[in-house]
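Engineer: So the protein sequences, as listed, match chains A and B.
Each residue of the first sequence is one higher than the one before, starting from 1 at the first, in the UniProt record's numbering.
Each residue of the second sequence is one higher than the one before, starting from 1 at the first, in the UniProt record's numbering.
Please keep in mind that the hints were generated in silico from the structure rather than gathered at the bench.
Below, a list of computed lysine to any residue pairs in the SDA-like style, where the Cα atoms sit at most 20 Å apart:
id: 1; chain 1: B; residue 1: K213; chain 2: A; residue 2: E258
id: 2; chain 1: B; residue 1: K213; chain 2: A; residue 2: V155
id: 3; chain 1: B; residue 1: K213; chain 2: A; residue 2: T173
id: 4; chain 1: B; residue 1: K116; chain 2: A; residue 2: Y68
Selected chain B positions facing chain A (Cβ under 7 Å, derived; list incomplete):
id: 5; residue: D108
id: 6; residue: S109
id: 7; residue: G214
id: 8; residue: V259
id: 9; residue: N278
id: 10; residue: D280
id: 11; residue: E396
id: 12; residue: K403
id: 13; residue: Q406
id: 14; residue: M409
id: 15; residue: L410
Glycine included, each C-beta is placed from N, C-alpha and C at the ideal position.
Now for the letters of each chain:
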Amino acid sequence: MAFAAFSHGGGGAKQAAPASKGNGRVALLLLLPGLLYLAIFFIAPLFSLIATSLQTMDISSGFPVYNYGFEVANYVNVVSQYGPQIFRSFFYALIATVAALIISYPLAYFIGVKARRWPLMQGLMLTLVIAPFFISFLLRTFAWKQIFSNESWIVGALQSIGFLTPDQYLVGTPFMVIFGLTYNFIPFMTLPLYTTLERLDVRYLEAGADLYANPRKTFMKVTLPLSMPGIVSGTLLTFIPIAGDYVNASGLFLGSTETSMLGNVVESKFLKSYEYPTASALSVILMGAILLLVTLYVRKSGTDDLL
Amino acid sequence: MNKPLPEDPMMRDLIKMARRHQMTRRAALAGAGATAATLALAACAPGGSTGEALTPAADLSDSEKTLIWHNWSLYMDEDDNGKYPTLEKFTAQTGIEVEYKIEIDDNDSYFSKVQKQLAKGQDIGADVACPTEWMAARWVNLGYTQQFDLANIPNHKNLAPAYNNPAYDPDRSRAIPYQGILAGITYNKAEYKKATGKDSPTSLEDLWDPALKGRVGVLSEMRDTIGLILLANGIDITSESSLTEDAFMNAIDFFAGKVADGQISKIKGNSYSEDLENGDTIAAIAWSGDTVQLNLSAETEKYGFFIPESGTTISADCFVTPMGATHKRNVEELINYYYDPKVAAELAAWVNYVTPVVGAQEEAVKIDPALAENQLIFPSEDFMKNAHGFRSLTGEESVKFSKAFQDVMLGA
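Construct all of the structure, not just a fragment, from the sequences and the given hints.
Structural biologist: In structure tokens, the structure reads:
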């Protein structure tokens with residue numbers, strides 16, 4: 001499964017010595033709390049979510065009352081009505097993930113490989129990557145909104161050099177939302193990349209050079225494949241939360257009505273218009289689509305190690 | 001309920017509507033009781049159902065001199081030590097300790113937080129809460145609230161006539177206004193002049209001036225934003241025959257057009273004032289009391305407030321006591337206290353919303369004559385003639401209208 005991608009080295013379980021019968025029973029017993037946890041906190045809510053997504057609405061009492069039913073039409077309505085928002089979620093998530101990868105890779109490489117000689121500096125740089133996390137996610141996002149507000153000098157400067165027309169602003173544009181998403185999730189990309197690159201054996205690179213490979217070829221043939229586990233888990237750790245994010249794209253933060261993502265629709269349906277089946281159907285679609293994409297991605301990109 | 005209908009056509013409409021609400025509720029109860037299965041299902045439906053009629057919890061006020069009050073932020077007079085002077089005086093007078101909690105941020109989110117307990121008649125942790133009128137109406141119509149004994153609230157007679165006889169609670173015995181709220185247009189005087197060359201807007205139409213493109217904000221409160229547009233379209237928002245689904249959807253289309261073409265750039269709740277302060281918006285549909293606060297923090301009369309001639313929406317946040325609350329008698333004393341014109345004036349001087357208490361203006365003169373002249377706190381009768389309450393919506397309308405409005409905000 002896709003989840004295996006998160007564990008580095010993989011294959012650990014395979015190497016375990018075959019257990020005797022008695023050990024098997026103990027193992028099962030030890031597994032029980034975990035299984036119970038899954039059943040209570042994952043499977044039960046999932047069933048409840050799916051059941052809610054198929055509910056029918058009855059309004060005759062003067063207030064919407066939802067009854068359990070099998071209203072598959074909920075899904076059809078949701079897709080036909082909020083198709084653009086669903087598409088936008090995955091599109092933004094894709095661009096922001098790629099952007100985060102492009103920014104994080106050199107950073108992680110530098111910290112993990114080049115900075116090895118100075119452990120103190122390595123630690124300091126890692127701290128700097130995580131430092132923004134000491135401040136609330138909402139406050140950080142809000143700060144960007146202030147920095148790029150319509151009256152800010154940045155927007156003024158961009159307008160005066162003609163990059164933006166006088167009635168164009170940054171807040172509320174897709175660019176701003178993708179910027180916020182990328183910024184907020186960069187540490188999720190950097191850290192897994194760092195952990196794999198930190199273990200990269202530089203003697204492989206020397207060997208590559210000895211065999212007359214230019215730096216580019218060494219990178220493509222040695223560094224990149226060896227850092228693949230980090231890339232896969234990093235992209236998953238960023239892509240999945242970004243696809244469901246509802247803060248950055250919200251009109252209260254960096255977005256506008258033009259940039260609503262799936263999370264915003266779910267939020268509005270759950271908390272504002274009380275359309276629980278619609279919101280649940282959207283959540284199921286989001287979950288299904290992510291599971292499908294992630295499985296395909298891990299299958300395609302993963303080495304045997306990963307699966 | 002057997003009293004003859006009054007002569008006044010508007011009142012007739014209102015009372016008829018109130019009766020209809022009761023009828024539909026009763027019919028619904030009968031229907032729900034038909035099979036045990038329906039009831040069981042309805043009880044676990046997250047949308048909330050009425051189930052059996054609820055009964056008020058036993059009143060412990062005689063033995064327990066306390067009450068808990070859920071309210072909005074910045075909605076109570078507060079001294080530099082973070083204490084509430086009027087509440088302290090209340091405790092000194094009556095011996096009733098008040099636990100004042102700022103719990104309500106948004107009608108919808110507050111409702112979704114407490115709805116499950118409300119529907120079962122359980123204690124929501126508050127003896128009194130102040131949701132906005134339309135939400136209070138929902139609570140009352142669903143049978144979630146206790147009826148106040150008006151004999152215990154002699155100052156109830158001070159309620160301003162504009163708030164009398166709402167459709168859902170004709171004698172104001174279940175939802176009693178705490179503060180009135182007017183919606184209008186708040187504008188940055190200097191910026192507005194710079195952009196349009198005019199001193200102040202003269203109608204709602206002025207918000208659609210191309211010179212203001214991208215610098216206009218509106219409230220995310222459907223009844224205020226769409227209400228103002230409906231009024232500008234000549235629709236009487238208090239009447240069921242004038243405010244039809246067609247009329248509403250026309251206003252939504254108009255609104256969606258203004259959002260799509262970028263004229264309206266912000267659709268916000270409480271936080272709209274930040275946009276006015278940092279200059280993102282020049283003019284916005286806004287609440288009266290906030291304009292006073294904005295000017296106070298700007299320390300000049302930087303912002304103007306304007307009520308379109310076509311009319312404005314008036315609403316109120318109302319005291320309601322949930323069925324599960326156990327200190328109703330104490331709450332009645334509290335309401336009586338805040339309906340004393342002297343106390344109302346003291347409170348109004350701080351919160352700057354429209355006080356629903358008659359006689360508060362005379363008392364305000366004694367505190368500060370300028371305060372008493374502020375049209376936003378003590379609106380004149382002419383001012384109030386232009387203020388209309390959004391009619392109460394049926395369940396079906398409420399879902400449909402709210403969905404249409406939310407979809408504009410989602411760009412769907």
